[in-house]
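Residue numbers (my numbering), protein chains in the order written: chain A, 1 to 363; chain B, 1 to 363; chain C, 1 to 363; chain D, 1 to 363.
Since the hints were derived computationally from the structure, they do not count as laboratory data. Glycine residues also receive a C-beta, built at the ideal position from the N, C-alpha and C atoms. Treat the hints loosely; a few may be bogus.
Using 25 Å as the maximum straight-line C-alpha spacing, the simulated DMTMM-like pairs for lysine to aspartate or glutamate come out as follows [stated by the list, open to error]: (1) K207/B x E29/B; (2) K207/D x D290/C; (3) K97/B x E141/B; (4) K349/B x E29/B; (5) K349/A x E101/A; (6) K207/C x D290/D; (7) K251/C x E210/D; (8) K97/B x E129/B; (9) K349/A x D88/A; (10) K251/B x E210/A; (11) K251/A x D135/B; (12) K97/B x D132/B; (13) K207/A x D132/B; (14) K251/D x D290/C; (15) K251/D x E254/C; (16) K251/A x E206/B; (17) K350/D x E29/D; (18) K251/D x E209/C; (19) K349/B x E101/B; (20) K251/C x E254/D.
Which bits of chain D does chain A cover? Going by a derived footprint, with three or more residues having C-beta under 8 Å, they are [stated by the list, open to error]: (21) 39-52; (22) 125-139; (23) 175-188.
There are 4 protein chains.
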Amino acid sequence: MSKKGDARIPVGILGATGVVGQRLVRLLEDHPWFRLATVTASDRSAGLPYAEAARWIQSGPIPEEAADLVVRPTEPMAGVPMVFSALDSSVAGPLEKGFAEAGILVVSNASNHRMGRQVPLLVPEVNPEHLDLVDGQEYPEGGGIITNPNCSTIGLSLVLGPLHAAFGVEAVQVVTMQALSGAGLPGHAALEMQDNVIPFIPGEEEKLEEETLKILGVRGEGGVTPAAFPVSAQCNRVPVSDGHTALVSLKFVEPVSPEEAAAHLASFQGLPQELGLPFAPRRPIHVLSDHRHPQPRLHRDLEEGMAVSVGRIRPCRINDLRMVILSHNTVRGAAGGALLCGELAVAEKKIPGVRPPVPTDDR
Amino acid sequence: MSKKGDARIPVGILGATGVVGQRLVRLLEDHPWFRLATVTASDRSAGLPYAEAARWIQSGPIPEEAADLVVRPTEPMAGVPMVFSALDSSVAGPLEKGFAEAGILVVSNASNHRMGRQVPLLVPEVNPEHLDLVDGQEYPEGGGIITNPNCSTIGLSLVLGPLHAAFGVEAVQVVTMQALSGAGLPGHAALEMQDNVIPFIPGEEEKLEEETLKILGVRGEGGVTPAAFPVSAQCNRVPVSDGHTALVSLKFVEPVSPEEAAAHLASFQGLPQELGLPFAPRRPIHVLSDHRHPQPRLHRDLEEGMAVSVGRIRPCRINDLRMVILSHNTVRGAAGGALLCGELAVAEKKIPGVRPPVPTDDR
Amino acid sequence: MSKKGDARIPVGILGATGVVGQRLVRLLEDHPWFRLATVTASDRSAGLPYAEAARWIQSGPIPEEAADLVVRPTEPMAGVPMVFSALDSSVAGPLEKGFAEAGILVVSNASNHRMGRQVPLLVPEVNPEHLDLVDGQEYPEGGGIITNPNCSTIGLSLVLGPLHAAFGVEAVQVVTMQALSGAGLPGHAALEMQDNVIPFIPGEEEKLEEETLKILGVRGEGGVTPAAFPVSAQCNRVPVSDGHTALVSLKFVEPVSPEEAAAHLASFQGLPQELGLPFAPRRPIHVLSDHRHPQPRLHRDLEEGMAVSVGRIRPCRINDLRMVILSHNTVRGAAGGALLCGELAVAEKKIPGVRPPVPTDDR
Amino acid sequence: MSKKGDARIPVGILGATGVVGQRLVRLLEDHPWFRLATVTASDRSAGLPYAEAARWIQSGPIPEEAADLVVRPTEPMAGVPMVFSALDSSVAGPLEKGFAEAGILVVSNASNHRMGRQVPLLVPEVNPEHLDLVDGQEYPEGGGIITNPNCSTIGLSLVLGPLHAAFGVEAVQVVTMQALSGAGLPGHAALEMQDNVIPFIPGEEEKLEEETLKILGVRGEGGVTPAAFPVSAQCNRVPVSDGHTALVSLKFVEPVSPEEAAAHLASFQGLPQELGLPFAPRRPIHVLSDHRHPQPRLHRDLEEGMAVSVGRIRPCRINDLRMVILSHNTVRGAAGGALLCGELAVAEKKIPGVRPPVPTDDR
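Okay, chain A solo, but in the shape it has when bound (with noise of 0.2 Å):
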């Protein structure tokens, strides 16, 4: 599919050996505003072809584009005006700062610099408003850093956008049941979750209380000031290969039924749906009717794991309302996410000369 004369935007992907890297990989092939023009991976597997550096575990194979990449240290490089990063948190904060000092944007999914005060931290949908604080950054022009949430915070996230706008979230008590490729590559070993749950996931727990926060806030004079809630949250892994099930009961400022509030959400419209971006979900949050529904297997790959689902939406005896929310966290959670950022921004130029190669409502 890759052209001569290929008038899509060139673009790179840092550490992309990883679970998430591989998911950049795969949903970057035939993206119609974006390109793949590099990789990057650890000094180790620099130098070698990318179908040789990757420990492929995605299904299906490699993308031809891809695999013939020779994988580059992670240094910034020429001609390529943004990159996706899915650098591991240990390594991530100097090396994205590197490339944005540069003059390159960095779309991450790292946590590193999430909670900076200048950095925005992204669901499009629900608060593309934020990308504009990426314009106070002190980096060299087209360079910056905008971010992806944690996985689990994506999906809670745009389903309380919605809600908090209309209704006023009060109190948010969640649990979540984590699937294991957001730990990554090696993660946690076979044996450790055959047959088994893992009530505990290393800070996960105060991610998904913090960065809620931060996205649900309001843009003002020098940053967000977080929405005053309190979120309690209990994280949890299961053997589940993708797709994180959060269980969620919620209090409101304004009294709202179950009804209402799945009409609300089903009919629920951001900007990326507006400007007609292409990882944009024709509707961003599926409302199931079955009680047995969202599970993973099933509703993950809804609008190509872009959506999310909800279900089992009722009266909570002790908040106002109990539901079940589903997404898929390596794509809509990480890679899927992270490349609808990065439409956004190119979308709402903040890349100079930078411009979507085809119109927007094409997909």
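Could you slot chains B, C and D onto chain A? The hints should help.
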């Protein structure tokens, strides 16, 4: 191991071929007080040797005592003062009543009679005094019905019991991750559960929300006054063979720190421990300090599956405490729990003329 | 996608609510030649909309074309020249015969008629010439029965076919690790399969041992003379959702090296490829070089699940070669395989007056 | 259970923190002959209490005897006449030799020395006479190395042994489905194994093909003459925690019916049974008649995991017999098998001055 001159109390199992029935068969092997004298099942199985009638799915072979017992239809029999019922709730109601009317004490795992006004719903460490309700039942001498709570409820109540007594529970948010054996046989299709979790178990949330309040309630004239706090539950099925995990957030009348709660739970002892009942765990509640614990595969078998384990006791951003509770759903949560109820009934002389054959501190 | 003026051939699915039936519904969505016109199921479901009758377990939503179809009882209907049968073998025999007698061409996944003297048992790349057997069937014009082999047999035969033609197979040792979906719904209980494998599948070994020989046999007067070599099979169920793996050891008449065999398989093309049938994979057999491949989760979906993958081709210490074969049991091994048989039948003009609505090289 | 005045033989475990090392710790709890006196691990762990050094993944708590032992570096120590080695084969070779040179008898699970000319490769029921090879080793008095075969090989050899003795094995086709614990920790990534099987285990097929022949070989001057029949193996990893399944097809010199083979296996007794060694199963081989058996979850724990179970003994269309063999890979196939070898060495007086502390028929 069954010997001539066996002084043990002959008991029966109603519905002996299902998951809980099989577990009862296994646990009764070499029980110091009880001797398995008879097993019943549906008419389809009646007349067959138990080894043929049961599609045995327990690890290890069928106990020899049980293998050759001829399965009987589920009708009252002579010479058996007590039966353990693992009948399906679709048929248990009238069948169990028939046994009580025939002067037999029924210890039931079925849900049918649990909420009956004069029916004890017992977690022997928590509400042993409720056992006396049985005295008010209008069955012939020796006859009566006592019940074992739902498998999720038992683990939760065993932990809430001492906390409520000490600090006064005001609200309970609970999300469960429940094992496959809780659904009995055939239960879920393997294909449904493969690489999946299911966020719904029919009737389970209601049981958790209501039974807990009866167990923690106060016995008075003509029944139990249920505890008055709200319980909100979300129950999920996960691909684990045995072991229910409960993720809870608790609000108390009295402020309590994680350390206080942990110390209180770890030192808790109930009447079964005092009486030295054969199936009483030495410590009913094991408090674990590793953040990654409790886990079904590692901790479900603590004290032969009769102890509950609790971990991650910590502050909650909304209520007072969060914690994780694990219990073996077919041992403590069903078969073993029922045996303990039966032992308590014998120790408390609820069956005329029937006494423990050996001293109670001899386990 | 269904349009007025649709020139596609109307087809039906018999037994549309089961695992294979659901897969047929999914694969027929947007099929270039066939339009799903009717679905049948047991009387219990008849009269309901398909979306209600089917307990949908496919990933992704029910295709809109199918959701609103009213389920009919499994009886011949007018206006549908061809049906795909996913009926259970307990009822398929006479029901399928009824359709053939009504002048309808039945493409069946059921085992009942497979070994019939005049019944083609087809793997379209391997024995397309067997299709002509249908001409000898004594049904009214347009009526007939053609069959798709057992799900394990298809993958094995597709690989044995070209090897047998080139080198002459003399003996086949085969052990399978078969997916849960092969057992249909409900199939195995989740509790049985948890942390387990089961070394027995009723009737499966016989099918593998016998159907393979018919497929590789020679069509002659009055039927097929089966191939003459022995096949010895051991079939196992493993906890995998989709994808049957076969571990084979092969003895040949002509000595053949692993490299020769690999090259021969990798370049193999059959009549469906020549004809450009819509469901024909470009390369029916993918030869993989990584020792760890093929694996169900990574390779079952190659070419939309229609290609078979082969790995670890190496010398055997007893026979000539060992290798590992993987195929998607509900796509290539059932629903997709049946569609390919149906496409072949249409391309070969086995249905009077019915022709492909579009050129065959248009996929 | 450890008491002052304990007359048991002090033993050590080398590499005590891994999967097999942990299992050894667990099995040595309350061993009637051996007392766990010391544990070693890599330098990283040395100096820590065992309870801290081991990432304990066994069901049940760490035995108290072991929890407080301080982990030592893997160097010879005084006062311990015998050690069980669970060292990784990347380091085991010279380390084990060092212990032998220090006059300590090493019973090893590692593969390094297994094929050494003077090194016994023992399945105590099958080739106990090979133990005498150790007398020819050139280590100081008391020092020596005896080895436990590969985990898959043990189960296979224990069944082939009596069959070969009675009927003469001529060829062995074997396919395995091996448990996760066989890969140690961390072993496979959970994400790799989820909804998957992997048809390759590095080095495993060679071990199965070669070790089996040494075990069934004849001890002579200067070593063992291996058995002369071919073994062809295909090894697979499946998502099961413990329990290796082997699917075998066997050719014999003497014709043998399934019934004869079954009767012969079921009644088989070896020297460990005669001697009443503590870890000797009463019946080494359990022959099961249900077609669906053996299964890992149901049968791996037969006789505490020390017995092998065999099912589906039936004619093969190519060779003489097919059957299914199941063994617990970390008990019989590793830790328990090594203990039995150690017991045999003590009973056979291979350690000067060391004798069983209790009569051997006392289990």
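Checked hints:
| no. | hint | in the structure |
| --- | --- | --- |
| 1 | K207/B x E29/B | violated, 31 Å |
| 2 | K207/D x D290/C | holds, 21 Å |
| 3 | K97/B x E141/B | holds, 14 Å |
| 4 | K349/B x E29/B | holds, 23 Å |
| 5 | K349/A x E101/A | holds, 19 Å |
| 6 | K207/C x D290/D | holds, 21 Å |
| 7 | K251/C x E210/D | holds, 22 Å |
| 8 | K97/B x E129/B | holds, 23 Å |
| 9 | K349/A x D88/A | violated, 28 Å |
| 10 | K251/B x E210/A | holds, 22 Å |
| 11 | K251/A x D135/B | violated, 44 Å |
| 12 | K97/B x D132/B | holds, 18 Å |
| 13 | K207/A x D132/B | violated, 50 Å |
| 14 | K251/D x D290/C | violated, 32 Å |
| 15 | K251/D x E254/C | holds, 23 Å |
| 16 | K251/A x E206/B | holds, 20 Å |
| 17 | K350/D x E29/D | holds, 23 Å |
| 18 | K251/D x E209/C | holds, 19 Å |
| 19 | K349/B x E101/B | holds, 19 Å |
| 20 | K251/C x E254/D | holds, 23 Å |
| 21 | 39-52 | violated (count 0) |
| 22 | 125-139 | violated (count 0) |
| 23 | 175-188 | holds (count 7) |
Against the hints set out earlier in the document, violations occur for numbers 1, 9, 11, 13, 14, 21, 22.
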